[in-house]
Amino acid sequence: MIPKAVYILFGASFTLASAYVLGRLLLERLRIRLYREEEWLFGLVCGASLLHLLVFLLCSVQLARKGVFFSVGAAILATGWAKGVFGPSRAPGLPPLGRLWKWLFTAIYLAYAVLYLSNAMAPEMSPDGSSYHLGLVARYLREHGFSCITTNMYANLTQGVEMLYLFAFAFGRHSAAAVVHFGFTMALPLLILTHARRFGLAAAGVGAAVLMLCAPVVGIDGTTAYNDVAVTAVVFSLYCLLEIWREERQSALIVPVGLLAGFCYAGKYTAGLAIPFAAGFLLWRLWRARQPWLKPLLVFAACAAVMAVPWAAKNWIIVGNPLSPFFNRYFPNPNVHISFEQEYVERMRHYGDPKSYWDIPMDLTVHGAMLSGTLGPVFVLLPLALLALRRPRGRRLLAAGAFFALPYLNNIGTRFLLPSLPFFSLALAMVFARSRGVLPVVMAAHAILSWPHVLKLYSSQYAWRLERIPVAAALRIQKEEKYLTDFSYGYVVARMIEDFVPKGEKVFTFGGVAEAYTTRDILTAYQAGFNNNLGEFVWAGLFPDSAPTHQLTYTFRERPLRHLKLVQNNSGTDQWSISEWRMYKGEKELPRSPEWRLRAWPNPWDAELAFDNSLVTRWRSWEAIKPGMFFEVDLGGERLMNSVRLEITKDQYQAALKLYGRGERGDWTLLSGAMKESDVPLMKGLRRAAMEELRARGVRYLLVAPDDPAGQDYMANAALWGIGLLAERGGTRLYRINEAAP
Amino acid sequence: MFRLLIIAALLCLGACAPEPEWYAPPMQRATLRGVEPRPVGSVVSMDSPLADAYIVSGVLKGDPLSRWRWTSQRPELRFYLTETKGLKFFMDFVLAEATFQFTGPVTVRFSIGGKPLGSAHYGKPGEQHYEVEVPGNLLTASEPVKVAAEVDKVYVSPQDGAKLGFLLVRAGFEQ
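Protein chains in written order, with the working numbering: chain A, 1 to 742; chain B, 1 to 175.
If a hint is listed, it holds; no wrong ones were tucked in.
Taking CB as the label site, the calculated pair distances span:
id: 1; chain 1: A; residue 1: Gly628; chain 2: B; residue 2: Ala141; range: 47 to 57 Å
id: 2; chain 1: A; residue 1: Ala656; chain 2: B; residue 2: Ser66; range: 52 to 62 Å
id: 3; chain 1: A; residue 1: Glu343; chain 2: B; residue 2: Ala141; range: 40 to 50 Å
id: 4; chain 1: A; residue 1: Pro706; chain 2: B; residue 2: Ala141; range: 25 to 35 Å
id: 5; chain 1: B; residue 1: Ser66; chain 2: A; residue 2: Gly628; range: 53 to 63 Å
id: 6; chain 1: B; residue 1: Glu174; chain 2: A; residue 2: Pro706; range: 27 to 37 Å
id: 7; chain 1: A; residue 1: Tyr458; chain 2: B; residue 2: Gly123; range: 48 to 58 Å
id: 8; chain 1: B; residue 1: Gly126; chain 2: A; residue 2: Tyr458; range: 47 to 57 Å
id: 9; chain 1: A; residue 1: Tyr458; chain 2: B; residue 2: Ser119; range: 49 to 59 Å
id: 10; chain 1: B; residue 1: Ala24; chain 2: A; residue 2: Lys585; range: 16 to 26 Å
id: 11; chain 1: B; residue 1: Ala24; chain 2: A; residue 2: Arg559; range: 23 to 33 Å
id: 12; chain 1: A; residue 1: Glu498; chain 2: B; residue 2: Ser66; range: 16 to 26 Å
id: 13; chain 1: B; residue 1: Ser45; chain 2: A; residue 2: Pro127; range: 36 to 46 Å
Short derived list, chain A residues pointing at chain B, Cβ under 10 Å:
id: 14; residue: Arg592
id: 15; residue: Ala600
id: 16; residue: Asn603
id: 17; residue: Pro604
id: 18; residue: Asn613
id: 19; residue: Arg687
id: 20; residue: Ala689
id: 21; residue: Glu692
It should be emphasised that the hints constitute simulated quantities derived from the structure, not laboratory data. If you're wondering where the values come from, they're calculated on a predicted model, not measured in any experiment. Beta carbons: idealized from backbone N, C-alpha and C, even for Gly.
My request is simple: use the sequences and hints to build the entire structure.
In structure tokens, the structure reads:
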């Protein structure tokens, strides 16, 4: 039997080799003149962009299968072999490194390569990697491509690097994906070094490469199925190619520049800044040199679009917003609510709620708990990099670093600084390199202080960091199941779901799940509009404030009306909602008819929830109130009535409503002259009604974490909810929703 | 002129807002009857999957479906009763030898809604059964009835400082 480790290494190396060959073929086709070392590295990065596109296309036509990937990869490698990609290069090599630098760099590089490879090959259990990065990859492979996923906003993010993971995952599963990331992690320092050597900054290049390589957040991120370090490698490659173009003006370079800029966007939205960066760079340089700019810019734009547009098109088709899960105000859709987007962006902006902005530098460089990871204490010296402003190259590096650090203003997690880190590292190393003996000391200190066994002595115990050198787990001498059970609670919960929930069933939860380890459909409350509604139903059963305990009754002279329109006229922070809208003639409610038509703005898609006779569902604006929001009813013909009653929740004090009506003809007339407000007692049976709503939407299972807001109530009132406990692992409970009594 | 036209066309496009679609009323849900079943009954065994629903406080988590569960010094349970007259409260529990070595004989005081119900002294470890008739005025059928059993001496774990009272097996009200 072939050891699992072989599959992992095959999956990763097959993917990286396929990418490398594609990139080399492209560079040769374009006849771009590079140094030998640059051919290897840019070959890998440019090829990754092409391979990602190939996998995207295969996913789009439902051909994401192991056999197809093998055939495609084998064809690429065979073509590369035939074209001499694996043979000796005719390109010249870069000037050699000095002996001290060479030995110092090699020693540190190899030590960290062993550390990182063992972690990358160990069973994958990173929070985001095992939840959505690989959760989606596993799903694409199961479903042989993209499916219409509208209940997971992470499926709407660009997943350029994940396309490479998918290629590797097909052969070596989770760890193969992490090893692909490891490949980029090890390529990035070499890219920095190569760039520096080309421009005569070899010593600074060695220093910057080590600063980048050993940074603890690079270690933990770049050896798991995250994508930040890979994206950083693409961003820096783009900068290197732009610098080469600046020096040599090889027009063919515009093609890989465009492809990489587009691939940055495909890799991560925040790295999409690479497109304006590169476009601005090209335009500025051509303009200053009084050279034609339109054609190069068009070539650049076309190449970038090839990489970026497929992702926007996929989102537009599936979720109605090319930039989902962001910009929902400009592309309204039912899949990601505007209020959620605002909360999400706000949460990312403040992360672990720092008491003061002065906490951020210490957490970034030493503690690493609040911002999820640390750069290492040496980066406390980062302000010294400003001394590099004295040299043009230093200015360009710092400007690029500052530009790619812009997304950090919106997400202060440490890893969101990674795209700017190679630039800052090189600028800092340029400063140190000017003082004899300083740089080797800084490099050695950084390498030692960032080693896991040293790091744990001073960083927070909750810092996101590598903790061990798991060689036995990497080689699967220690069983994968045992390792994951010992170290990953998320895995244990995912396996509970797999064991107790039948295939094809949906599980609703308020928290996250390691979806990469379960094949069941997980609906997490915050991850989509549909799921938000499921959470709302549960909350209505749980909290009186989320249930309709308030009524607005509009009484008017009896008259025939066909159209009624409720208009909201205030601004504020509350959201507007209607649990039930009822119309009366005297004491008798007008029976609802299939001829009726309802519409609302915003959130027209949930208008039905105000007319379903359920007290746990409600139409909701899902954004803060503003004048002009409305809810309109067309009765299909005139009906006699004299009052309208709205059953609402109390959480909307700021809403100011006016009710208008009109018959078949005529103008809108204000009906809301006499409005009476009243409280009504909380109706019993809401818990069971909430579960019925979940069942009606195909959800029959609930996963409840120990800190779940509904956890205690589920436990104490299982009979009222109509749920039965199926299993429990470490405090997380799995319930089945019982069928309603006839 | 051509550029101006393009800009004007783009501005017009930008001013367009989609009209929201019309929807028909959906299938109507059954009207709630305003009643719901009681969440708990009058007797609980610790091996019941619904045991947690009866626990108000003071019962530690155990293995799922285990026959007994450790209590702290003052476990409190809740029950729903359909009638209040002629009922006896009972509790089956075990005084573990391992803890009895440290505590020696113990007294357990029972109360309902904070009002004393009775007490018992136990001079040796092992399985115990407590039973007492309950005056009707201590009980209600409209709200949950909360019963507490407070043990005067507990074993304190040297490892984690956990206070252990006794092993609860079954409790409740019966005729």
